[in-house]
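K.L.:
Starting from the structure of chain A, add chain B where the hints point.
Here the protein sequences come in this chain order: A and B.
Take the first sequence: its position 53, counted from the start at 1, is 53 in this note's numbering, and no numbers get skipped.
Plus 298 on top of the position in the second sequence (first one is 1) and you've got this note's numbering.
These aren't lab readings, by the way, just hints derived from the structure by calculation.
Please note: incorrect hints may appear among the correct ones.
Stated by the list, open to error - Among the chain A residues that face chain B by a calculated CB cut under 10 Å, a handful are:
no., residue
1, Tyr8
2, Ile16
3, Val19
4, Asn20
5, Ala83
6, Ile200
7, Trp286
Unchecked claim - One side of the interface only, derived from the structure: several residues of chain B facing chain A at Cβ under 10 Å:
no., residue
8, Thr398
9, Ile495
10, Ser497
We treat Cβ as the ideally placed atom computed from N, Cα and C, and that holds for glycine.
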Amino acid sequence: MKGFRLRYLIVGLALIGLVNAIILASVAWNRQPPAQSQLLLSERELGSTHTYWRKDNSSLALRLDYRWPSQADNQQYGLSISAEKMAALGFQVPAQVSEAAVSRYRRQLDREALLVLELDGPAYQREVALQRAAHAEALRLQASVPDSKELQDAAKNAGNALEYEQQRASRLLVVDVGADQQALRARYPDRQRYAIVRGIVEARVGSVVSEWTGEGQDPRPQSQRVTWLLGGSASTPGLYSLDLPRRWHAAFDSLPQQDELSGMDYPADQPRFTANVAFGRRLEPWFVEVSVPTTKVQ
Amino acid sequence: MPSLNRSDAQQRADDIGVFNRELARLEAEQVLCLSDSQRANLQEYQQQLLDRYRAAFDIDHDTQTRQLSLGMRIASFLGALTLAASVFFLFYQFWGFFSTAGQVAVLLTASIASFGLTLWVRHRDGAGYFSKLAALVAFTCFVLNIVMLGQVFNITPSANALLPWALYALLLAYACGTRLLLAVGLSCLLAFFAMRIGSWDGIYWLGFAQRPESFIAPALLIFVLPLWLDQRRFDGFALIYRVSGLLGVFLPVLLLAHWGDGSYFDFPPEYIESAYQFAGFILAALVIWLGVRREWPDTVTTGLTFFVLFLYSKLFDWWWQSMPKYLFFLMLGLCAVLILLVLRRLRSRHGLLGGAQ
Numbered sequence: 001m002k003g004f005r006l007r008y009l010i011v012g013l014a015l016i017g018l019v020n021a022i023i024l025a026s027v028a029w030n031r032q033p034p035a036q037s038q039l040l041l042s043e044r045e046l047g048s049t050h051t052y053w054r055k056d057n058s059s060l061a062l063r064l065d066y067r068w069p070s071q072a073d074n075q076q077y078g079l080s081i082s083a084e085k086m087a088a089l090g091f092q093v094p095a096q097v098s099e100a101a102v103s104r105y106r107r108q109l110d111r112e113a114l115l116v117l118e119l120d121g122p123a124y125q126r127e128v129a130l131q132r133a134a135h136a137e138a139l140r141l142q143a144s145v146p147d148s149k150e151l152q153d154a155a156k157n158a159g160n161a162l163e164y165e166q167q168r169a170s171r172l173l174v175v176d177v178g179a180d181q182q183a184l185r186a187r188y189p190d191r192q193r194y195a196i197v198r199g200i201v202e203a204r205v206g207s208v209v210s211e212w213t214g215e216g217q218d219p220r221p222q223s224q225r226v227t228w229l230l231g232g233s234a235s236t237p238g239l240y241s242l243d244l245p246r247r248w249h250a251a252f253d254s255l256p257q258q259d260e261l262s263g264m265d266y267p268a269d270q271p272r273f274t275a276n277v278a279f280g281r282r283l284e285p286w287f288v289e290v291s292v293p294t295t296k297v298q
Numbered sequence: 299m300p301s302l303n304r305s306d307a308q309q310r311a312d313d314i315g316v317f318n319r320e321l322a323r324l325e326a327e328q329v330l331c332l333s334d335s336q337r338a339n340l341q342e343y344q345q346q347l348l349d350r351y352r353a354a355f356d357i358d359h360d361t362q363t364r365q366l367s368l369g370m371r372i373a374s375f376l377g378a379l380t381l382a383a384s385v386f387f388l389f390y391q392f393w394g395f396f397s398t399a400g401q402v403a404v405l406l407t408a409s410i411a412s413f414g415l416t417l418w419v420r421h422r423d424g425a426g427y428f429s430k431l432a433a434l435v436a437f438t439c440f441v442l443n444i445v446m447l448g449q450v451f452n453i454t455p456s457a458n459a460l461l462p463w464a465l466y467a468l469l470l471a472y473a474c475g476t477r478l479l480l481a482v483g484l485s486c487l488l489a490f491f492a493m494r495i496g497s498w499d500g501i502y503w504l505g506f507a508q509r510p511e512s513f514i515a516p517a518l519l520i521f522v523l524p525l526w527l528d529q530r531r532f533d534g535f536a537l538i539y540r541v542s543g544l545l546g547v548f549l550p551v552l553l554l555a556h557w558g559d560g561s562y563f564d565f566p567p568e569y570i571e572s573a574y575q576f577a578g579f580i581l582a583a584l585v586i587w588l589g590v591r592r593e594w595p596d597t598v599t600t601g602l603t604f605f606v607l608f609l610y611s612k613l614f615d616w617w618w619q620s621m622p623k624y625l626f627f628l629m630l631g632l633c634a635v636l637i638l639l640v641l642r643r644l645r646s647r648h649g650l651l652g653g654a655q
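The shape of chain B in the complex, shown without the other chains:
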C-alpha cells in the first residue's frame, strides 16, 4: 500500500459494504446468484483486505465505530487545545523560580522531550488520535521556547520566528498526519513571506498586515504546491494546501474591495476598490471552473463561497440604502435561487460535486 492513505482505505471499506448490500438485493431479486465457492472466495478476499486496512489505518468498519471515531477526533482536538493551554500556563506559573540558565534548559528540554514523545506515541498509535494531541503540545512547547527566550533576553520582537514555527509545524504535520498543524504551518509560512514582502526598504515588519496584497503571491504558491509535491500519501493534505492558498488570495481581495487605502497602488481608493471587486468576481469564477475541471470539490466550494460573498457585499453597497429592507432581502433571496439554478445546471452537465459519478 505504498500510496494509500487512511481516507482511501476507508473509502474502499465503505465501497465493500455498499457492494455487499447491493449484492444481497440482487440475489434476493434473483438477478445475480454467486456459487458457494465464489461467495467464499469473495468473502475471504474482502476479509483479508479489511483486516489489512484495520491493521494499517485503524479504519471504521461500521456506522457505530464511525460515530465513535468522530467523537474521538473531537475529543483529541479539544484535548490537544486544552493540553497546549495547560503547558502555556505551567511555564508562566513557575517561570520566575528558575535562574536564566535554568530557564533556557527548561525550554530546550521541553521542546526536545515533547518532540521525542510525539514520535514515540506516533509509533504506538496507528489511528493517530493520541499522536495528533502530542504533536500540538510539542508545537506549543516550541512556540513557547522561542517566545520565552525572546522575553528572557529582551530580544527585539521580529517576524523571523514565523519561519521556524512554520517548519516545525509542517514537520509535525507530516510526521503525524495532522491537518490542523499543516494549516498552522502554512499560515505561519504565508505570514512570514508576506512579512518579507511587506518589510522591504525599511518598513516595520508589522506593516505587512496593513497591505493585504503582500499575501497574494505566497498564497498562490501554496495553492499550486501540491501539483508539484505529491500529497496522496497524506490524508487530506492537498485539500488543506488548496484551501489555505485560496483563503490567502480571496481574503485580501475581499478586504481591498472595500478598503482601497490598504493597497500598495497609489491610485484613488475608489478605483482600487472597484478593480478588486471586479477581480474578485473573475477570480471566483476562474476558481470554480478550475475546481470543476480538476474535480476538486473543496476548490469549487471555496470559489462559490467567495463568489456569493462578493455578490452579496456588492448588492449591499448598491441597494441597502436605496431599497426598502423587504425588497433588499427579496433580491438576495432571488439571487440565491438564481445561483441554485445555475449550479443545478452545471451539476447535471458536468457532474459537479459527484453528480455524474
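The following block holds chain A by itself, in its conformation from the complex:
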C-alpha cells in the first residue's frame, strides 16, 4: 500500500514538474533574442481591459487595439479579407456562386493564420488622408450653404473625426494576412513597424440586393436579385489581454483614466505612456519597457 502511494506521489510530482518545465522552456525560447518584431506603442494601441471584477483581481492587463483599413467603397459588409486571400489561406472558395455554394462556403470551420500589423505606416497615413478629405469636403459643402444647420453639424463631426484620427485612434492596422511566416516577413522586413501575430480567420458572406429599375413589380427570382460577396474576417484571441508585470503597475495606476481625461489638458502630441512590446519566436508578445512621461499639464 505504501509503495502504491509512493508511486502516485512520484507520478504526480513528475507531471507537475514536466508541465511547468515545458511551459517555462517554451516561454524562454519565445523570448530568445532577436525578437521577431518590436513596436513602440502608446495608449492609442494599448487599451485597458476593464475587468469587471477589478476589486477581486489585482493583476493588470492591456489589450492590443488594432483595426482594419477602411474599405474604399464602404460596401464590403465587414469582409476584411478578400475571397482570393481566403482561397490562399486554405478555404474552399466556389468558382460559381449559388445559394448552395454560399451555404457550403459559410459552414467551413475557422482556420489559423498570421496577421501583419503595421504601426504608423502608409495604411495609417491613408486613414488620416481619408478623414482629412472628408473634413475638407464637409467644409466645402458647409461654405456652399452657410445657413444649413445639418451641414454645420456634419462639418463639426468631420472635424472631430479628423482630430480623433490624428490624436487618439490606433495607428496599428492589419495590412496583410497569410499562412507562411517567412514569406510575410520577406514582404514586410521592417521589424520596428511590422509585427506578425497569430490570428483566426472566419469565412463570412455578405449580400447586396440589387434594386429593380424596370416597370411594375420585380419579376426576378430571389437568386437573381441577390449578389453574394464572399470573404472573411479575422480575430486575435492571444492579444485580448497582455499581462503587465508588477514593476510597472504603480506608474500605470498613477495615470488618469480615460473618463478623467476630459477635465485635463494633456498635450496632444504627448502620449500618456509608451510601451515597447516585443513579439518572440512563437509570436507571443511581452512588455520590454513601459514609460510614463513626467511632464503633465493639469
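P.N.:
Coordinates of chain B only, in the frame set by chain A:
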C-alpha cells in the same frame, strides 16, 4: 481483500443484515433453528468480517450511519466546490502583488503542496470524505497553475492544456477513489482527442465544438476501456467510464439529428439529420440490449433515456405543429405507457434491473 472495493464491502454488510433478519423470522416461525454453538460461530464470523470492513472501508453499519454518510458526501462535495472557488479567487486577489518570478513560484508551490496534502489526507482518511475534498482543491490549483502561467507570459490559448489536466484528474481520481474527478478527467480527455481530430489540416482548435462527430470515436474508446483495464478495485469507476463514453456518443448524435450543418459530411443537412435520427434509435436499442446482456444497469438506463429523448424529439417534429396540443400530449403519454409495457415484459423475461435476481 485484494479486489474488494467499498461498494462490495457495503453490499456484503447489507446482505449480512438482511440474512440475520430473515433468520430471526425463520426461527420465529420455527422453520429453522440454530444451535447455540452455531449461532455463536455465525455471530463471531460476521462480527470479524464487519470489523475488518469497517477498518478498511469505513462502511455504514446501520440505516442511521448510512443517512449520515449521505450527508457527509454532500457536505464533502459542496465543501470541495467552495474551497476550489476560494482558491481561485485567492489567487486573483493577491496575484498582482507578486513579481513574475514570485508568481511562477507561487503557482508551482501551490500545485505541489496541494498534491502532497491530498496524498497525506488520503493516508489518514479511510472513508475518503476529506481526501476527495483535498483532491478537488489540488486539481483546481493545477488548472490555475497552467491557466495563469499562460496569462503571465501571454501564451497563445491552446487545447494542449486539456491533456495534462486530464492526466492529473485521472491520477487524483485513482489515488483518492474520486468519481467526480474521474468524470472530469475523462471529459478533458474526450475534449482533447476531439480537438486533435477537429483541428486537422490548419483548422482552429476551437472548431472541434462545431463538429460534434469529433467526439464519437474517442467516446467509444472510453466506453470500452474498462473491458481492457480492470476497474473492480475502484468503486463505481467502470460505471463512470461507461456513462461518460455513452454521453460522448449519444449527445453528438442527438445534436446532429437536429443540426445537419454541424456534420463533416457534405450532404444536404436534412439527409444528415434523418440519418442521425435513424442511427440514434438503432444505437439506443443496441446499448439497451448490451446493457441487459452484460448486466450493466447504468448502460440500460442511459440507453433508455436517449431512446426516449430520440422518440420524443421525433414526435415533436412530426406532430407539434399539426396536432391539437391535448392530442399531442396524449400521444406522448400513450408512448410512455407503451415503453412501460415493453420494459415490464423485458423485466419479467430477462430479469432486467434485478427483476430475476
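K.L.:
Which hint numbers does the structure go against, in order from smallest to largest?
P.N.:
Violated hints: 5 and 9; rest satisfied.
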